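Protein chains: 2
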Amino acid sequence: MIITLIGGTGDIGEGLALRWAHDTDHEIRIGSRDPQKGIDSAAKYESELSQRGKERTVLGGGNSEMTEGADIIVLSVPPYYIVDTIKSIESAISPTSIIVSPAVGLKRSEAGNFYSSPPPSSRSVTEYAADASPDGVPLIGAYHTLPAHRLSNLDDPLNFDTLVVGDDASAKQIVIEISNEINGLRAIDAGALENSAEVEGITPTLINISKSNKDLKDLGVEFK
Amino acid sequence: MIITLIGGTGDIGEGLALRWAHDTDHEIRIGSRDPQKGIDSAAKYESELSQRGKERTVLGGGNSEMTEGADIIVLSVPPYYIVDTIKSIESAISPTSIIVSPAVGLKRSEAGNFYSSPPPSSRSVTEYAADASPDGVPLIGAYHTLPAHRLSNLDDPLNFDTLVVGDDASAKQIVIEISNEINGLRAIDAGALENSAEVEGITPTLINISKSNKDLKDLGVEFK
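In the order they appear, the protein sequences are chains A and B.
The first sequence begins at 2 in our numbering and counts up by one.
The second sequence begins at 2 in our numbering and counts up by one.
Same shape as in the complex, but just chain A (with noise of 0.2 Å):
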C-alpha cells in the first residue's frame, strides 16, 4: 500500500513514517508544503533505518505530488491547518483512497489542559476534518493519543493502543490493520465519527497527567 504522511517531517508524521517504513514493506512518502523539506525528511528517515540495517526507499516531495495514487493520507497537520490542508491536496487525493486524521481539539490555559472542539459546529475535529474531505473519501480519525516522541525512537517498544473512529466500516478496517502492523501498537476499533470527540479528549488528559508526575511524561494509553 502507498501511505504519505502529509507533515510527516515532524511530530506524529515523523513516527508513523519511521514505524511503518522499518516494520512494513508499505511505500512510505513524506509530504510537506515546502517540497524540499519532504525531500530532506524523507533522506533523514533513510538515513537513520539504514543505520539500523534496514535500507529503505522513502519518497520525499510537496504535498499534492505525495498524495498522487496514496491508498492511505495521513494529515499530520494542526486543527487549524486541516481545511487548507485538504484543499491545497484535493486534486490530487483519489476517489479510493482513504484519508486518516490524527489531529485533536485542544486548549492549552493555566489551569491545564482542555478539550475543545473546533470553531465551527463539528463537535470534534475529526468531524471537522471529515466534513472537508472530498465527498466519497472516508476519513477515518485515529493515532489521537500517541506519544510523537516516542512513536519517533525506534528503541521504544511502544506496547500500547490507539482508538480508531469512522463511519466507513472497510476503510475502518484497513486502518486498523495498518496500525497493527507497527511492531507494539494495537488499534481498537471505537466506533463511529461521532464518538471522536471523547477518543480526542484523551491527549489533554495525558498532558495533565505528564504536568501532575515528573516520572509520567510522554504517556501512551492501554485498555486492558
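Since the hints were made in silico from the structure, they are not lab data.
Source: prediction; values computed, not measured.
Please note that the accuracy of each hint is not assured.
Where chains are identical, the list cannot tell them apart; a pair therefore holds if satisfied intra-copy or between any two copies.
In the SDA-like style, the derived pairs of lysine to any residue whose C-alpha atoms are separated by at most 20 Å in a straight line are [claimed, not checked]:
#1 Lys218 x Ser110
#2 Lys45 x Lys55
#3 Lys108 x Arg124
#4 Lys88 x Pro36
#5 Lys88 x Asp72
#6 Lys215 x Glu178
#7 Lys218 x Ile177
#8 Lys215 x Lys225
#9 Lys108 x Asp216
Add chain B to chain A, keeping to what the hints say.
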C-alpha cells in the same frame, strides 16, 4: 481510616468495599438509603471475605449513620442522585472528612455513548458534586474509569490505573494513597477539578470500545 461507601450495595461501591476490606485494614462501612440493604450488603461482603480466609467486620446501615465519623465518603450513586444524597447526609459529614465522587456524565444513544455534562452549569459531574458539597469539605474525583464487575471480582488482578482530580492537594494525596493500597490499582494525579470532564469522558469511550469489540469487555485503562 474509616471509609464509607455511600451506595455501597452495588456497582463500583461494592467493588471498592470488597477491595479495601480485603487488601487493607481500614474500617469499611456500607451506606444505603435503606439501612437494612446496607446491613445485608455488609454481611454479604463479610461472608465473601470469610470464604477467602479473611475474617473482617464490615459495618452496614443507613447513609447518615454510616457517614458519622467517616474520614472518606465515596458517593457511589448516579449523577442525578448526587445532590439529594449529599443533602441527606450533610449534617453527618465531619469537616475533616473527604468526599470522593466516581460518577460520570454519560449519555447513551443509538449512535453510541457520549460524554454529557450534568444539567446545571457545571462542566462535569465531579464539579457538580463539588458544588453541592459542604463548604470546607474537599471533594476529590476518582474511580471514574474502573470496571465495576471486575472490581468486585476479587480474583481479577486489575493491573490498571485510576485518575484522581481535585483542588485540595492534601486531600487528593490521601485519596491517591488509599487507592494505591488496593492491589493492582495505581492512582495517578490528573490535575484539578477543572480537568475532570476529560477524565469522565474516558468512560463513554470504554463502553464504545466494548460495543465494537467482542473480546474487549469491562475494560480498565493503563497509562504507560
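Status of the hints after comparison with the structure:
1. Lys218 x Ser110: within (19 Å within a copy, 35 Å between copies)
2. Lys45 x Lys55: within (13 Å within a copy, 61 Å between copies)
3. Lys108 x Arg124: Both, since 14 Å and 15 Å are each at most 20 Å.
4. Lys88 x Pro36: within (17 Å within a copy, 64 Å between copies)
5. Lys88 x Asp72: The answer is within: 18 Å in one copy meets 20 Å, while 59 Å across copies does not.
6. Lys215 x Glu178: between (35 Å within a copy, 17 Å between copies)
7. Lys218 x Ile177: Close across copies (19 Å), not inside one copy (26 Å); limit 20 Å.
8. Lys215 x Lys225: between (24 Å within a copy, 13 Å between copies)
9. Lys108 x Asp216: Neither: 23 Å inside a copy, 34 Å across copies.
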